[in-house]
Amino acid sequence: MRILAIRGENLASLYGKFELRLDRAPIAGAGIFSIAGPTGSGKSTLLDALCLALYGKTPRLRDRAAGKRVMVGWSEEGETLDMNDVRALVSRGTAGATAEVEYQGMDGRRYLARWRVRRARDRVEGAFQAQAMTVEDLDTGEVLAEKVTQAVARNEAAIGFTFDELKRAVVLPQFEFTNFLRADADVRAAILERVTGTAVYGRLSQAAHQRLGRELAARQALEAELGGVKVLDAEARAALQARQAELARALEEAKAAARAAEAEVRWHQRDAELRDGLERSEAELARAAGAVEDGATLRAELAEVEAAEPHRAALAEAVRAEQARAGAEARAAEAMGALGRAEADAGAAARGEADARAALEAAAEAEARARPELAEARRRDEALAAALRAEADAGAAHATARAEQAQAAAGADAAARARQAAETARDAAEAWLAAHAAEASLAAEWNRWAARLAEHAAECAGAAQAGAGLRGAREAAAEAARALATEARGAEETARRLESAGAALAEAARAAAGADAAALTAEVARLGELRALLGEAWKAAQAAGVAAARREQARAEAARAEGEADAARRAHGAASAAVHAAEGGAEQARAALRRVELTLGLADRRADLADGEPCPLCGATEHPYAHGAPLPALLEAQRAAAADAEEAVRAATREREALAARASELAARVEAERRSEVRAEADRAQHAAEYDALRARLAAPAGGALELPAHAEGAAAAVEACGRDAKAALEAARVALEAARHAADAERAARAEVDAAREAHDAARARQRALEKARDDATAAVAAHEAAGARHAAALGRIEAELAPALGFLPGWPEAARRGPEAFRAACAGRAEAYAAQVRARDAAAADVAARATGAEKAAALAAERAGRAARAGEAAAGAAAARERAEAERRGVLAGKPADEVEGALRAALDRARTAHERARAARADADRAHAAAAEAARATATAREDAAAEAARAGEALAAALAALGVDRPALEARLARGHAWAAQARAELETRARAAQAAGAVRDERRRQVEAHAAGRPAGDAEDARARHAEAEREAARLGDEHSQVKLELDLDKEARARHEEVSGALEAARTAADRWERLAKVIGSADGSRFRRYAQGLALDGLLAAANVHLRDLARRYELMRVPGADLEIQVIDHDLADEVRTVNGLSGGELFLVSLALALGLASLSTRAAHARTLFIDEGFGTLDRDTLEHAMAALEGLRQTGRTVGVISHVPELHERIGVQVTVERVSAGRSRLVVPEG
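Numbering (this note's numbering), first residue to last: 1 to 1245.
Quick caveat, the hints were computed from the structure, so don't treat them as lab data. Just so you know, not all the hints are guaranteed correct.
BS3-like mimics (lysine-lysine), calculated; alpha carbons at most 25 Å apart, straight line [as the list claims (entries may be wrong)]:
(1) 17 / 57
(2) 230 / 898
(3) 255 / 1050
(4) 539 / 230
(5) 230 / 17
(6) 230 / 1050
(7) 57 / 147
(8) 147 / 539
(9) 727 / 230
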């Protein structure tokens, strides 16, 4: 894996976009580069961008801290984020941030990982949105992942490192190892676990200990369960089987007797039902006969309506003729009014046409008079336009000349000021050099003095390091003495802990001995079985009750449907009678229609008829239509009457068919309800049998103490109450069992505490011995650091004597140089550079003075020439303006100055309007003339129609009077009879027919019911109904008793079968549990412990051995003097072999700051090489820590880094140490732009 580029925008102090290319020159060619910048400028932000783009998190922002929130941004809402939320890295005052990494994966392909956070609506004041991540294949352009979790997984697969592995193999954790070397044993173990990823071994140790506890508990539970399984011997089981067969035979005989008794009971029930039906049919027959007698009045009214029906057409025609006459009179009056209005409109239209013609002639004359003046106005407009163009050109030329004049004047002034500024800069530089003449020697030979100052700084650092080492050694000696005293107290404390743990173990053992977990397990199993059986019994009782309710409901529904079916059959008979009546009315209407049609067909013979003489066709002596034919409306009315009668027949037929279908449907419903009743009874019997069987099975787990109702119907509430009692008992047993298990767990925990206390006591004693040796090592280190301090003091005196000639002008310079070597050297460099800069500024200013003088003279000449040109252009512009004013005066004298096109357009518009108005007036006059002619014609036509309507109304009145005389009634009486209509007549006929048929049907039903009673009586049983019910109840009780006993025997056999199967199953499971418990017990003895320390310490020891071996390989390059090794007999303690002091063993606390950094770097490099995938990490980053190294040590560190580069890796070093950057050829700089803002500066390739 190799990092190719890191990019970002608005991350922390790096505002704006930045990019660091590692695959291009100069970094790609150098292989090693440094990242420099002041503290806090944003150097480590590059590593943040790397980790954000790949994993969405950074090493310095760990997992989010719940409940801890910090204010981010200046929004009024006071938005808060978790203190370790990566969105807090977004630069303040920006709307979002991005981070991108191009890398080459293990498969050789190039990928682009992108991370982004933005605010809502991309506004600075918007709320933070969720972070987004994507992964793209750079070779194909395909987007491989678009969600955070998918992107992280894709990057891990392509790179070959998880986030924690990246921190170990790419971003070297040397600071973790610095803390590791200085920490106590517990903190050291935690750091080693974190950087090596060995936390899993502690979890494995705890898991092995917990698994052993579970396996032992499972084995104990199975042993208790096996002891609670009881089975019958062979003799007892054979006796039960024989008794079961005997009871089965007796039960079948009892059920046969019950069925016979039940058949007799059903006969008596059917007999009562048939006799009740016979009584109802006789009552229905009497009611139908009374209804037939009550229909005499209705028959008389029907006869009157039928006699009036032939005169319906005459009455309708008279009414229609009267209405037509009234309408004709109203239309005639309206036509006369319209004729008067049309005459007035025609006169007004003629006058309007004459006015429009006069207006048109006036408009045409005005347009002709204006044509000469329009031509003159256009000529003057052209002259004025030419004058305006000439004036604009002259003005533009004058403006250009004035601008050039101003520009030349400004150039002359600028040249004069530049000359004056150059002279001022020259004088200032000469004055500064004269004031700092004492610094001339320092600036002239700065390279020589810089080297001496570097040596002086190195010796100062060595002296400070020796002093720090001396102080550290003395502190280490004192700390060793204090730690030794503390450890002695710790050993006493661990001894007391061991004693207390022993007492707690004894107490826990006594508590565990008082609880019988096996018995409680068996009780829980018994109560669980009891509760399950009660649940099944409740379901059976509930189902039996529901089935009984369904049976009764079906019986009631069948009775109700049978009654409705009888009513439907009666209604069907009545509907049949209505059909016959409607057919009779339809035949009468058709006959009347034929008579009317025949009458209309003899129009040519009516003139031969004479009053008082018989008609040769019909024999009538009265001839109402002899002098005029019947109106056509009479025929239409009779046809409508015939159609109504036909529709009445069809309606009655549909009603009869619907009632027949209803009767069939109800008969089928009766049969369905009877079947539902039978099915419900079968379900009730089945559920009752299930309840009886479960009631028998409940005897064993209940111990004979449970009393349930004998019958399933109505037993659900009692069974539910027993279930609640069983549930409460089961919960109590479970609580007791849980307490027993807790006691056993407490005993195991106490035993583990004893083991841990013993181990802690042994470890304390070992640490006490190690501290005694550390105290001796610290005493020896004090002497070594004192000698080193003397050597550095002598070297400082020699170097200061050499520097005195150059730095004598600075009072107290040796003390300042020793207090801050780097700052003093930087100040000297600044003085030398300032002196050289002033020399360069003086020379440059002198040359500039001469050049500026020549330029000022040329600028003055150009300004004078431009001023003359501007004056001439002004005169030309004034002449053009005068010519334009004369042209405007001449134009105002024509058309009053108005535009010619505007005046001409107004005249033409007026002429067009006049023409349009004249055309509209002519059209309006023509329309008015046509309307007047039409109104006159309409008045004539309506007068004729009024006369015709009056004659027709008179003829219709005569015909109606003849009809009334023939019928012998007046007009109101005829209208009242005809108002009832065909529907009423059909309904009356149907009602009479229905009553007759209902009486006939009631008689038939009475006869059928009587026959059924007589036929059923032939099968009468010997006993009465009460005797049959008593025998049926006795047979049912005997069958139930035998069924209960049979179920009890069967239940005992089934329980024994289940117990045998359970015994075999539990035996096999117990054997497997014993095997598993033995296996886990052996494993727990090796690696298991409650706190996970046993296997974790062993794994950490192995990891530390491998880490020290790999680190020593790198330490030989960094500091050959030292070698790391573990302290024998102590966990995770490290000591140092000093090869320069005859392989003397020293404590790591005696190392100086620079030595400690080298050792930490060696450990970090060793960890990177130990990673199972470290061979794939072709890019490394080392962050800070070089500031504690002297010159020689820094050279060794650089050699080690060079060795990493030669393996083909790209190494990035992040530091603020100037000496380090001087030794690295490629330097990336993070520069501060302003407070809190920085930028990334990358050297050009």
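Do the hints match the structure? See the list:
no., hint, result
1, 17 / 57, "holds, 20 Å"
2, 230 / 898, "violated, 130 Å"
3, 255 / 1050, "holds, 18 Å"
4, 539 / 230, "violated, 28 Å"
5, 230 / 17, "violated, 82 Å"
6, 230 / 1050, "holds, 17 Å"
7, 57 / 147, "holds, 15 Å"
8, 147 / 539, "violated, 52 Å"
9, 727 / 230, "holds, 24 Å"
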